[in-house]
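Chains A and B are the protein sequences, given in the same order. Going by our numbering, the first residue of the first sequence is number 1, and it counts up by one from there. Going by our numbering, the first residue of the second sequence is number 1001, and it counts up by one from there.
By construction, these hints were calculated from the structure, which means they are not laboratory data. Just to be clear, a hint being listed does not mean it is correct.
[Stated by the list, open to error] Distance condition first, Cα-Cα at most 27 Å in a straight line; then the derived DSS-like pairs of lysine-lysine: (1) Lys401(A) - Lys390(A); (2) Lys1243(B) - Lys182(A); (3) Lys497(A) - Lys378(A); (4) Lys101(A) - Lys530(A); (5) Lys1229(B) - Lys192(A); (6) Lys117(A) - Lys155(A); (7) Lys530(A) - Lys32(A); (8) Lys182(A) - Lys1089(B); (9) Lys192(A) - Lys1050(B); (10) Lys531(A) - Lys110(A); (11) Lys326(A) - Lys279(A); (12) Lys182(A) - Lys101(A); (13) Lys297(A) - Lys326(A); (14) Lys531(A) - Lys77(A); (15) Lys1089(B) - Lys297(A); (16) Lys378(A) - Lys32(A); (17) Lys220(A) - Lys32(A); (18) Lys390(A) - Lys248(A); (19) Lys248(A) - Lys536(A); (20) Lys366(A) - Lys497(A); (21) Lys466(A) - Lys220(A); (22) Lys401(A) - Lys418(A); (23) Lys192(A) - Lys531(A); (24) Lys192(A) - Lys1059(B); (25) Lys1089(B) - Lys238(A); (26) Lys1050(B) - Lys418(A); (27) Lys301(A) - Lys1243(B); (28) Lys1243(B) - Lys1229(B); (29) Lys301(A) - Lys1050(B); (30) Lys297(A) - Lys1059(B); (31) Lys279(A) - Lys536(A); (32) Lys1059(B) - Lys418(A); (33) Lys101(A) - Lys297(A); (34) Lys297(A) - Lys279(A); (35) Lys1050(B) - Lys182(A).
Since this is a predicted model, take the numbers as computed values, not measurements.
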Amino acid sequence: MRSIRPVLGLLLGTIVLLGGTAARPADAQAPKRGGTLRVAYGNEILGMDFYTTPGYEMVWVATNVGCGLVSITPDGKFFPDAAESWQISSDGLLYTFKLRKNVLFHDGSKVDAAAVKFTFDYVLDPANRANMRQFLGAVHSVEVVDPHTVQIRLKQPYAFMMHVLAVYRMGMIIISPVVTQKYTPEERRAGKPEALVGCGPFKLVEWVKGNHLVMDRFDKYFEQGVPYLDRVVIRTIKDPVTQLAAFKAGEIDFIADFSADHVDSLRAQNPRAQIMTGKETTPMVAMMKVTVPADGKPMSKDRAPHAIFNDIRVRKAVGCYGIDRKEIVKIAYKGQATPWVGIIPPGTMDTVDVNHLCPYDPARAKALLAAAGYGPQKPLVFELMTNTEKSVFNVIATVIKEQMARIGVTANIRLVDKPSWMTTATQDGAFDMYIEDLASLLTVDQNSYLSASAAAWNHSRHVDTKVDDYYARYAREMDPVKRKAIARELQEYSADKLYWNTISGSPFYQVAQPWLKDYVYQAEFKVQYKKVWLDK
Amino acid sequence: MRTYIIRRLLQIVPTILMITLVVFVMMRSIPGDPVVALLGDAYNEEDAIKVRAEYGLDKPVLVQYGIWLGKLVQGDWGTSILSGRPVLKDVMIRLPVTLELIVLSMAVALAIAIPAAIIGALRQNTWADYSATSIAMIGVSIPEFFAGVLLLLIFSVGLRGTLPSSGWVYLPGTCPMIVCTGSLWGNMMHVLMPAVALGIGRAALLTRLLRASMLEVIRTEYVTTARAKGLSERPVVLKHALKNALIPTITVMGLQVGFLIGGAIVVETLFAMPGLGTFGIDAIIARDYQQVQGFALITAVAFVVINLLVDLTYTFLDPRIRYA
Chain A
1 MRSIRPVLGL LLGTIVLLGG TAARPADAQA PKRGGTLRVA YGNEILGMDF YTTPGYEMVW
61 VATNVGCGLV SITPDGKFFP DAAESWQISS DGLLYTFKLR KNVLFHDGSK VDAAAVKFTF
121 DYVLDPANRA NMRQFLGAVH SVEVVDPHTV QIRLKQPYAF MMHVLAVYRM GMIIISPVVT
181 QKYTPEERRA GKPEALVGCG PFKLVEWVKG NHLVMDRFDK YFEQGVPYLD RVVIRTIKDP
241 VTQLAAFKAG EIDFIADFSA DHVDSLRAQN PRAQIMTGKE TTPMVAMMKV TVPADGKPMS
301 KDRAPHAIFN DIRVRKAVGC YGIDRKEIVK IAYKGQATPW VGIIPPGTMD TVDVNHLCPY
361 DPARAKALLA AAGYGPQKPL VFELMTNTEK SVFNVIATVI KEQMARIGVT ANIRLVDKPS
421 WMTTATQDGA FDMYIEDLAS LLTVDQNSYL SASAAAWNHS RHVDTKVDDY YARYAREMDP
481 VKRKAIAREL QEYSADKLYW NTISGSPFYQ VAQPWLKDYV YQAEFKVQYK KVWLDK
Chain B
1001 MRTYIIRRLL QIVPTILMIT LVVFVMMRSI PGDPVVALLG DAYNEEDAIK VRAEYGLDKP
1061 VLVQYGIWLG KLVQGDWGTS ILSGRPVLKD VMIRLPVTLE LIVLSMAVAL AIAIPAAIIG
1121 ALRQNTWADY SATSIAMIGV SIPEFFAGVL LLLIFSVGLR GTLPSSGWVY LPGTCPMIVC
1181 TGSLWGNMMH VLMPAVALGI GRAALLTRLL RASMLEVIRT EYVTTARAKG LSERPVVLKH
1241 ALKNALIPTI TVMGLQVGFL IGGAIVVETL FAMPGLGTFG IDAIIARDYQ QVQGFALITA
1301 VAFVVINLLV DLTYTFLDPR IRYA
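Bound-form chain A, shown alone:
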């Protein structure tokens, strides 16, 4: 066994490009205790069961109520949370964590190795349908060595085990065995405070859906002196105009996810506001369907070529040379996003700029279409699905429709609501192309859950197992330099095959009042209030 530090150096030789533009005063002040932080979310919290409820909104609560073994800084360095130290064996198969002795759940019971093992066993049990289970495929077993030491044994080396523990989705949040067994999943989903006992800096006081979520400081939190805030109150304000008004009137201190469309207005109205963003970690895609079920049964393994986009010439004509990404970004994002071709967004670790592989070239697009049999006599017509969740999707769809017309292609826009899009895309429904920004990605590895051939979220339904091989090699490779090379190959291969058609990064913004101090921007990945304080 060896110390974690050299391993960290290897694992994180490449810096996670999360570094945002969070405003932090140069003249660091002594934090003030007390006060209530008033937070606005743009979307409703769907439920409160940490391991089954989808959506970032719940994750942003879970990471304040719960604690994990380790956490991660914006520049990708791991630091202790409930574990005070850890070691990784030289073969990368055994992770040993020493737990702090003073970590308590909110009900006063101790966080020990048995609780950590229980958490892993709970997540790995398919009956519990935990959404973190998909990330624990490499785990062989978890053993209690002594009350404060726990070991995770892997089946094969996995370069992103620490990421899984710290940040994938919400990280592995330790749950209380007693409480978890006492209450039902419905009670957890419903946000019953007694059923949601964590070991984080804040304890859940109340969640009334549609009204508010309240968290209070946990006075016995293991880290002395924090959190500074007495209380955090989260409300949902969906309309950006109302968010703007509430912010300007000082009714809220922090907006956890602010609409990119309204950033300029907010800046103009509130010159002292802290507007935080970073390199985009979410891809905006124009996904093209590659295969369809041969037997007509959705999700069937028996696949047939999609009538239009299975032909690589058409995919490249439309998605590669026919789309002017710069123009889309200029119109849809007022230039505040990065035009991008690669499968991995511009802010994700090991991303590579492969834009040169898909230059905007209408003449070449037309030539490819002609080679594929399309032209004035047989014009290409396809359906472009977009949904009502964000107005930017519809702007992008409109621009693409116009760009398609320039190469003699007709894109008929179909506007649906979010659940219809989700059902169509996820359940192998009928579509030709859709516009959507998909999940935030910290690592290339995370994208395997969305784009490997067997992934449920492989919406293009490509069947190319070479993509899977790239992901598997990437995940197993412990040398960051070699890993980066694999990532490059994958991104070039993907741009060449265009199973996944990225348009740009999708910018993410958070906004804070000038009196909110020491908030650390970590994009969608973590929203933590532990060290936040109010200077008013």
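Starting from the known structure of chain A, fit chain B onto it as the hints suggest.
Here is chain B on its own, set in the frame of chain A:
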């Protein structure tokens, strides 16, 4: 009268059944699947099949409706598929907010409509009448969201926080949650803009309607008789003319409840209010079938009960009307 009320109450049952059945079937006919939303990024077919079976979503629609109805009879409104929260509990938390909004928006509407209609009718074809009619036209033309945004920009942004932009403060003693402070002043501050935004369109409609009724009534013989008896103009207008002119207006007010619930969805979303409107729209967007049924049930009950009350009001306004 009692027989009439009982008969009307009994008529409510098939109406409610029909409405809830139509909503039940429609929700399951439109695209979108709550199970996909529930499983999120961990979606896989195996789990989806299990979840559908757990919630009975794999059964025929009419069987599902029968199960829902059976539970409803026992007082169980079901549990939200997504949040796991009991539907009845959430409906009861949100109902007072929307009720207050609707009542106050109607009050706003009447406070504007009655004087405007009286002035318009009594001073027909004068500048006062033209002004009232023009304002009514503008009011009818302004959708709730636009009125709401205008009010927000004026009172929350322009006049920097004169009125709160969003949220809700409960009336003292009515807060259904652990963490909240009831305050009459706070409540009034929070409800004022939404009530005006929702009420202004109704005011315009009622002004036009009431003005037309008033014009008709003030030309009737009994009004002339009242004047001939030497009554002053005030009791003639308020007691004799207005009371009778209100009958068609009251009918329309009852029917307007449905529109107000629809308008409440928009206004509550804009002002981030925790009422039934936001509950309903969130449920529909998430395809949370149980919540949608709860929303449909409560709004249907509210609609038919209010219209029953409206019918009963006629006997007070016009003693000639008798129900048997």
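Q: Could you check the structure against the hints above and give me the numbers of any it violates, in ascending order?
A: 2, 5, 13, 15, 16, 21, 24, 27, 31, 33, 34
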